[in-house]
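Sequence order for the protein chains is A and D. Position 74 of the first sequence, counting from 1, maps to 74 under the working numbering, and the rest follow consecutively. Position 357 of the second sequence, counting from 1, maps to 527 under the working numbering, and the rest follow consecutively.
The hints are simulated quantities; they were obtained by calculation from the structure and are not laboratory data. Where is the CB? At the ideal position from N, CA and C, for every residue including glycine. Just so you know, not all the hints are guaranteed correct.
Label-pair restraints from in silico Cβ distances [what the hints assert, rightly or not]: (1) D:306 with A:123: 55 to 63 Å; (2) A:3 with D:422: 30 to 38 Å; (3) A:86 with D:615: 30 to 38 Å; (4) A:122 with D:692: 54 to 62 Å; (5) D:780 with A:123: 45 to 53 Å; (6) A:87 with D:292: 35 to 43 Å; (7) D:731 with A:122: 50 to 58 Å; (8) D:784 with A:131: 54 to 62 Å; (9) A:85 with D:789: 37 to 45 Å.
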Amino acid sequence: MTTTIPMSITVDGERHDLDVDPRTTLLDALRERLGITTTKKGCDHGQCGACTVLLDGRRVLSCLTLAVAKDGAHVVTADGLATDGELHPVTEAFLANDAYQCGYCTPGQICSAVGAIDEARRGMPSAVTADLAADVTLDRSEIAERMSGNLCRCAAYVNIVSAVEEAAHR
Amino acid sequence: MTTMDARSMGTSVRRIEGPDKVTGTAAYAGDTVAAGTLVLHPVQATVARGEITAIDTSAAEAVPGVVAVLTHRDAPRLGDTGDPEHRVLQGTTIHHRGQFVAAVLAEHAEAAAEAARLVVVSVDEAPSTTGFDPDAEAYTPAALGNGQQADTLVGDPDAALAAAPVVVRASYSTPMEHHNPMEPHATTATWIDGRLEVREASQGAELARQTLATLFDAEVTVRSPHVGGGFGTKGFLHAGTVLTVLAARTVPGRPVRFALGRRQMFETVGYRPATVQHMALGAAADGRLEVVAHDVVGATARYKEFVEPAGGSTRSMYAAPHRRTSHRAVPLDLDAPTYMRAPGEAPGSFGLECAVDELAVALDLDPIELRVRNEPDVHPENGLPFSSRGLVECLRTGAERFGWSSWDRAPRRRLVDGWWHGVGVGCGTFPAFRMPGSTAEITFTGGRYVVAIGAADIGQGARTVLTQIAADALGVDVDSIAVEIGSTQVPVGSIAGGSAGTASWGSTVVEAADRFRDKYGDAPDEGDHADAATPDNPWAEEYAMAAYCAQFAEVAVHADTGEIRVPRLLGMFGVGRILNPTLGRSQLQGGMVWGLSMALHEESVVDPRFGEVINHDLAGYHVAANADVRVVEAEWIDEDDAYVNPMGAKGIGEIGIVGVAAAIANAAYHATGVRVRSLPITCDDFLTSGLL
Ligand code: FES
Ligand code: FES
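The shape of chain D in the complex, shown without the other chains (with noise of 0.2 Å):
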């Protein structure tokens, strides 16, 4: 088994639609203004939970350039995609604080949204509970919301956390986030002659496809050329898609468009919902883990499951004999919870990484040399061997690099110009896998070769990516190939997910390229063409396949003040071979910064009275600004993983957060002594600590 020869690939070819980008050329689902178009503005409830017993439109309906309300009572009937966030104006239940309960049309955005809050919709009115509580009444899901088992059980954890010479105990939290791509959703919709054109904000045309072809009934062309950002919410459609195509329902032959307003953003599209997790590690004198418990309890939304698979990595971290995961959701009268950068291992790795670093203390010793000790020579709870796996020279590499070893390792020993310096490490894994579905298409012509395939560049670089790709495995100069991407008029494409596109839409396009070469040579006439779908990998089962990385921060807290900066974060990431180096820095880097704005700004607050997100805008929600972000460094080590597949990469858009908010938390108690367990990480945490 090797991975195929690179010309092209690990080379920094630049962005292919860089040009449209920077001069704001490039189309966004929200940019079309096709005549007579016609703005969707939304009627949201009002409560949590209740039923609506009338809606009076006619002060709406009255306003000056308003060409439709659209109620319940009105609206066209939806086949069943079975995903109740689809049930869009299909009865009288509300399940949720803005939820969509009517929406407008109207010729321009100002007499729309006027007409909107003219709209009376009376609500009977029934109790609701918003506010995540971790003691309250949980159940056991079938599922995560990976699909992963929610339970997993490996010897006996509790009887041997009872015999364990050293054992840390602790909980962790971390808050609801919301995603907040740049580019809010957006859908303009179109009926013609009883077909369905759709610009949509997405991650995945083609799954937009069969979701509206399932809901209509219809024919449907889903386009998307370009996406300002998805980071998982752009996934699955929301409600918001489904009313506008509702509403475009009822007006055939015009453009309707919604484009979401930010604050809808925190809505209607998804987040990461609040975990707690219970942490028990325990070990033999010497550092090697007895055991490893993770016990989470999260919240879910009542109307619709998903559970965040926080203990998932915890499955193949370390080594250790008795092994315990599990996961309970508490269910909320909320919008659903969905797939948000790294779903799991984002907030897991808090948990997991901080106890960690709490063991090292406890031991007294490093935590690079305690991480190490307890690298697993295969899977630990299915046993099977690592296609590669790079995560103790990360640490090793990584702590060179970062000059680990120039820093004693005692608590509260830096304080610079009124600042305590600490530094701190998190490690992380996320899975390396390829998704089914992708058909590539290429055909020879005008002297170039065109490679066609539903793919979604949401900012990561796919269409660059596949491009090097293509020239790799067909063997010629990137000049020579154009991708085409972001629509379903391609070949079907699987979604941009589970930092699984580039690996599963690449598959595909080698083994295009390998029938067309072995169909038509290297010489290829006008027209020649082949085809292939994704190719089953055939070691899926025989390896466990995925990226690591151990993520440095250094940290600094002001003494007086309890405020926190973190001036350097240095990734190193062992994901197979990068593909394009320029590219790859940024992803990675862009990730690093998620994890810091996890660390310290991102939180969503619900008033439990009212069900919504109290600070539901940029100005309240804080996502990592510029001055935030100081000295941030992404480097890989050389791994060649001949199992993932031929290009032997890993994905690399969610690794990068995974294991900095760790990192950062573990760099402020060396450089304070305060142990923070829930993030953000706020100056109030140091203030109250005593300790300053």
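Next up, chain A with everything else stripped away, as it sits in the complex (with noise of 0.2 Å):
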């Protein structure tokens, strides 16, 4: 017999109670129960970084994060970043660079640069952060290597890593 669970969430702003079965993972919940579909499926497996959201401010994989676990939580996906109207400067700077081609990937991409700018600026290093101790400067291998979990099979690879950097450094 299914059970479901009561939860409350805050998605780009904005609240939402309901009840989830508690099998369903964040990503589902935004998708088929909320009907928010900014965050994209591409494989459901975490292996491709498209559902990847902003979950109380850091980069998280909304297919392998399960709802009921994230009751009070607040989530921003690609449509969430903008503030008063303005564009997020990693949106802005993914518009201008063509980071982006059949779009699918995007959004997830979008979340994860924000999310990787902000480690980085915490001092989270990489597997290619060659001094652990020194600030973190956001060059173009860093960049691709932080933001090696978001595939995207229409290649927009150097053109995010630009974005990426355009937007880190201003």
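Two independent chains are provided; combine them into the complex using the hints.
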């Protein structure tokens, strides 16, 4: 017998109360229950990054997150990054650098980039960081490394790195 | 003959749907959430070949939330498209593992998945063959996957090989590969009063409509406004679409949605079949080719033939008086292969261009010079002049830009910080043609020209580039154009495929614009209207028309581990007029990364015991990720081709991948002295060579 569990979640600034099956992922809760499809599903297995959202400020794969475990959380999708009608600098940089083609991976790329820039500012190293004690400089190889959890089959990678570089150094 | 004047064409207009894509509000086929939508979860065959003897759906039907379970017993009968992939739930025969044998419809995805697991399918299994053995019994196909003939022969290649002073004979292999667009195929189907409405991830809404109309004998509307990549797998409809529409028919009025899981993308939507290519080149001591022979053995499916035309481009690349191409097919009990980005050219250029490199080594000649010496004056097989052919210029300007001459030609000369470095070149071609069958309609309304044509934007930028073409054809600014595409509610369009989309739709739009201006001049009234069908290209039989490229790669191979990296790729393209430099560069670079991915990462591994791809997800099947990609530059020569179409533009969707894997393999040889003839190239190839 299926039981559902009540929870609430704030998405792109709007609070939603819903009952979820405990098996429901955050991604499916967004897409199927709330009709918020600005977050895309590429694999449902944590292997592609298309479903990346910012959860309480950090980038997470929403397909690997169970919705019931995130009662009361704040989720931001690519659509919620704008403030006061102004596009987020990362969003703007993706447009300016043509950092997308089909656009399917793009909302996840942009959320991931916002998270990655923040992680670097907080001094978190990556596999290619030479000096773990120094401040992180987001050069092209750091960006490529940190964005490698987001696959792009159109392979807009060169432009994605340029966009993130531009936004990070704004 | 001249090309039309360009004002907007040639400039980097931003993608029109860009704001929707970067916010995620662009709605793809699986993004519909109409109230009452039912979720479909399929039941799939777990053997490669056999007959279904019984299906027990009782446990599945008892799952709360399940609305229906559909099997071959109760599925509606279908009309015949002639495509075996479309015979979904029409009988008991299993042709491949993963074939859809039943479907569950439920209120929620969780219930549908649970119920699908509870369906019990009894099968009388038959012996199957699913592993590709190039020495197995093979047959000669009536035609290749692209309609070309299987074999061509000029002169006496075997006698010429026996007499040639320098001969290279080698065999090259390319694996099964899966397209893996980031958007899995998705269909939402609703039957309303006997009419069918479908949202489909499709490279061609009209082709989808025709197929569904034939299968279901109904009036069909297809919408496909945004498509999350196709690369060939979203051209012809696959079984999942048919299954969804069949299931929807049993619940009239309710939308039914099926978004394939990633694993199903390895089981039901096609792939590039494996090939083994036996190359033989014979040359005079000065490098002039006497003979080119390219004999291909490729995998196909037993229940539906598709033969990769891997030897096709060898027919036009280099001059040689004696030449042969042949294709043999080995049938397997697998899902059917299909078109995948540069079908034929991508794997075929690996065989030919590696063999040419091996010939250059045997002759002690620069591989660029060797290719230049074998540049044909006319098409080497059909004798037609070329409308334009930029291969030599691509090689020369590319070499200059890449710094080719600064490298010692001898292999294994540059060891830097523990990495062997080398450079390589590979070339390619892709035909430039025009598909018939589109109609463009131009209506002046609200101060704007609405240009409607059933084109598909799969990420190549059709919406944007057609806007630019229409603006120039009508002599107005892009702001005055509103392009409507991506559905069957606008006039018919041919598919986004064969690198012919823009050429075909663009030629049609130009024709309609010419008629519009003839009728109304440059000051139309509200509601003025003209349309046109795709005009034939009067030069199609007079000239050989194709894009060309020269790809340059720098490769680094770790001296201890054999790890291989590609720090630098440069592609030089001869593709006529580039309609939008920013979008064009993106598409060409994307193709080049596909070539890198093909060279180093991609291989679908079939377990011959069970007939399934064992690395059936994005963890096991690696496509190039961001950190795999370093410097990738796409540039082009100035090329004015007055014959291909009024825009002077050759398609660029596929040429980007062609030749890249060969350039990388050739560079790996130059770096290490190890010749790898089988893709993908991995560290094992170097570690087992004894040369590191
Ligand atoms: S959909 Fe979540 S990582 Fe792919
Ligand atoms: S833009 Fe198409 S997958 Fe990234």
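ask   = Which numbered hints does this structure break?
value = 6, 7, 8
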